[in-house]
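S.K.: One letter stands for each residue in the lines below.
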Amino acid sequence: MISGDIEQEVLCLVRSVKKDVRVDSLTRTTTFADLGIDSLDALNVLFAIEEHFGIVISDERARAIRTVGDVIETVMALVPERT
Amino acid sequence: MFLYELMTSPEAGGRVRFGGGTPSPEKVASSLWDSVLAQFVIEGVPSEEPLGLLAITSPNFRDGFAYISALGVPDAQGTGLIAEGVLIGFHYAFSTWPFRKIYMETGEDSYDSFRSGLGQFFVEEGRLRQHVFWNGRWRDVFIVAVYRETWTALAPAMMGRFDRHAGATTA
Numbered sequence: 001m002i003s004g005d006i007e008q009e010v011l012c013l014v015r016s017v018k019k020d021v022r023v024d025s026l027t028r029t030t031t032f033a034d035l036g037i038d039s040l041d042a043l044n045v046l047f048a049i050e051e052h053f054g055i056v057i058s059d060e061r062a063r064a065i066r067t068v069g070d071v072i073e074t075v076m077a078l079v080p081e082r083t
Numbered sequence: 001m002f003l004y005e006l007m008t009s010p011e012a013g014g015r016v017r018f019g020g021g022t023p024s025p026e027k028v029a030s031s032l033w034d035s036v037l038a039q040f041v042i043e044g045v046p047s048e049e050p051l052g053l054l055a056i057t058s059p060n061f062r063d064g065f066a067y068i069s070a071l072g073v074p075d076a077q078g079t080g081l082i083a084e085g086v087l088i089g090f091h092y093a094f095s096t097w098p099f100r101k102i103y104m105e106t107g108e109d110s111y112d113s114f115r116s117g118l119g120q121f122f123v124e125e126g127r128l129r130q131h132v133f134w135n136g137r138w139r140d141v142f143i144v145a146v147y148r149e150t151w152t153a154l155a156p157a158m159m160g161r162f163d164r165h166a167g168a169t170t171a
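For the record, the sequence lines run as chains L and P. Per our numbering, the very first residue in the first sequence carries number 1; after that it's consecutive. Per our numbering, the very first residue in the second sequence carries number 1; after that it's consecutive.
Next up, chain L with everything else stripped away, as it sits in the complex (with noise of 0.2 Å):
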């Protein structure tokens, strides 16, 4: 279980794109293929973060973007004034 407003939040913003999945099931290391996330979920993953938190993932960003783990970084490390 992962914890911290952050990670919750992205939980949740994971959970609305992947309806399916279980937030308490997920650890850091969980990677988007286990939680059969396809191309196009994941796309619309990163829109939800984007909108939700007001700021822009590079692609470059994106492209290492392969666990939970992954995606809470990066917007920690593009909001650092809510960590």
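Some clues are possibly wrong.
Said to hold, decoys possible - Simulated restraints, written as ranges between beta carbons of each label pair:
(1) F40(P) with Q8(L): 38 to 44 Å
(2) H52(L) with E48(P): 23 to 29 Å
(3) Q39(P) with T29(L): 35 to 41 Å
(4) I88(P) with R22(L): 31 to 37 Å
(5) K19(L) with A157(P): 18 to 24 Å
(6) T27(L) with P50(P): 31 to 37 Å
(7) P98(P) with R15(L): 37 to 43 Å
(8) H52(L) with F40(P): 28 to 34 Å
(9) R15(L) with R127(P): 28 to 34 Å
(10) R15(L) with T22(P): 42 to 48 Å
(11) K19(L) with S24(P): 46 to 52 Å
(12) M1(P) with D24(L): 45 to 51 Å
To be verified - If you only want the chain P side, here are some residues facing chain L, beta carbon under 7 Å, derived:
(13) G44
(14) V45
(15) S47
(16) A76
(17) G78
(18) L81
(19) A83
(20) S113
(21) F114
(22) S116
(23) G117
(24) R161
Unchecked claim - Short, incomplete list of chain L residues facing chain P, as computed with Cβ under 10 Å:
(25) L40
(26) D41
(27) A42
(28) S58
(29) R66
None of these hints come from the bench; they were simulated from the model. Every residue gets a Cβ at the ideal spot worked out from N, C-alpha and C, and that includes glycine.
With the hints as your guide, set chain P onto chain L.
M.R.: Then chain P, alone, in the frame of chain L:
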């Protein structure tokens, strides 16, 4: 060099265009324009690093359809970046020509990488069973289509999201 590696890599285009063979650079270069109406290199933003190739092919202006195909470098697959390029390609095609619908042909393995769009973005129009031999067994090929009406309904919100980098500072 980027296009040659992309089109011959087993993880990217090699199995699609050349069936696992190793064509000469000349053959790859000449095949780049086979039946092509328009094509674009998919680049990262803001790096402009090439990530893939998108092609609008085999247009039939009498009956109002064409095809879209895309290849992506392995480490960009599954990230949504190639999907974003493909969606922009659909927008370009529907905005530029009066196509009724645009098809994509996909093997069953590649289909899994965007199947979540079924019913929302595209419909399945055909399935060629045991159609191609790849990686040790016969595999199905699917033909899916995006209709203009569907795209027209989805495009405003989708293209607005794609503009997220315009005028923004990315990190």
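S.K.: Each of the hints needs a verdict: does it hold here or not?
M.R.: These are the hints, each one checked on the structure:
1. Under the hint 38 to 44 Å, the C-beta atoms of F40(P) and Q8(L), about 39 Å apart, fit the expected range.
2. Restraint check, H52(L) to E48(P): a C-beta distance of roughly 28 Å satisfies the suggested window 23 to 29 Å.
3. Look at Q39(P) against T29(L): about 38 Å separates their beta carbons, and that is inside 35 to 41 Å.
4. A C-beta distance of roughly 34 Å is found between I88(P) and R22(L), which places it inside the suggested range of 31 to 37 Å.
5. The beta-carbon spacing between K19(L) and A157(P), approximately 19 Å, falls within the hinted interval of 18 to 24 Å.
6. Range check, T27(L) to P50(P): about 34 Å between beta-carbon atoms, so the 31 to 37 Å window is met.
7. Distance hint check: the CB atoms of P98(P) and R15(L) are about 40 Å apart, consistent with the given range 37 to 43 Å.
8. Between H52(L) and F40(P) the Cβ separation comes to about 30 Å, which falls inside the hinted range of 28 to 34 Å.
9. A beta carbon spacing of about 31 Å between R15(L) and R127(P) agrees with the range 28 to 34 Å that was offered as a hint.
10. In this structure, R15(L) and T22(P) meet the distance hint of 42 to 48 Å, their C-beta atoms being roughly 44 Å apart.
11. Our hint of 46 to 52 Å for K19(L) and S24(P) holds, since their Cβ atoms are close to 49 Å apart.
12. Our hint of 45 to 51 Å for M1(P) and D24(L) holds, since their Cβ atoms are close to 47 Å apart.
13. Checking G44(P) against chain L by beta carbon gives a least distance of about 4 Å; that is within 7 Å, so the hint holds.
14. The closest approach between the C-beta of V45(P) and any C-beta of chain L is roughly 5 Å, which is under the 7 Å cut-off, so the hint is satisfied.
15. Interface hint status for S47(P): upheld, as the beta-carbon distance to the closest one in chain L is roughly 6 Å, under 7 Å.
16. Annotation: A76(P) was flagged as interfacial toward chain L, and the flag holds, the nearest CB pair being 6 Å apart, inside 7 Å.
17. Nearest Cβ of chain L to the Cβ of G78(P): about 5 Å, under the 7 Å cut. The hint holds.
18. With its C-beta approaching chain L no nearer than about 6 Å, L81(P) sits inside the 7 Å limit, and its interface hint holds.
19. Checking A83(P) against chain L by beta carbon gives a least distance of about 4 Å; that is within 7 Å, so the hint holds.
20. With 7 Å as the threshold, the beta carbon of S113(P) comes within range of chain L, its nearest partner Cβ sitting at about 5 Å, so the hint holds.
21. At a threshold of 7 Å, the smallest CB-CB gap from F114(P) to chain L is about 5 Å, leaving the interface hint in force.
22. Taking 7 Å as the C-beta contact cut-off toward chain L, the hint placing S116(P) at the interface holds, the least distance being around 5 Å.
23. The restraint placing G117(P) at the interface with chain L holds, with a minimum CB-CB distance near 5 Å, inside the 7 Å limit.
24. Look at R161(P): its Cβ gets to within about 5 Å of chain L, closer than 7 Å, so that hint holds up.
25. Given hint, L40(L) at the interface with chain P, holds; its Cβ is 5 Å from that chain's nearest Cβ, closer than 10 Å.
26. Because the smallest distance between the Cβ of D41(L) and any Cβ of chain P comes to about 5 Å, under 10 Å, the interface hint for this residue holds.
27. With its C-beta approaching chain P no nearer than about 4 Å, A42(L) sits inside the 10 Å limit, and its interface hint holds.
28. For S58(L), the interface hint holds, since its Cβ comes within 10 Å of a Cβ in chain P; the closest pair sits about 4 Å apart.
29. For R66(L), the suggested interface contact is upheld, since its CB lies about 8 Å from the closest CB of chain P, less than 10 Å.
Consistency note: the structure conflicts with none of the earlier hints.
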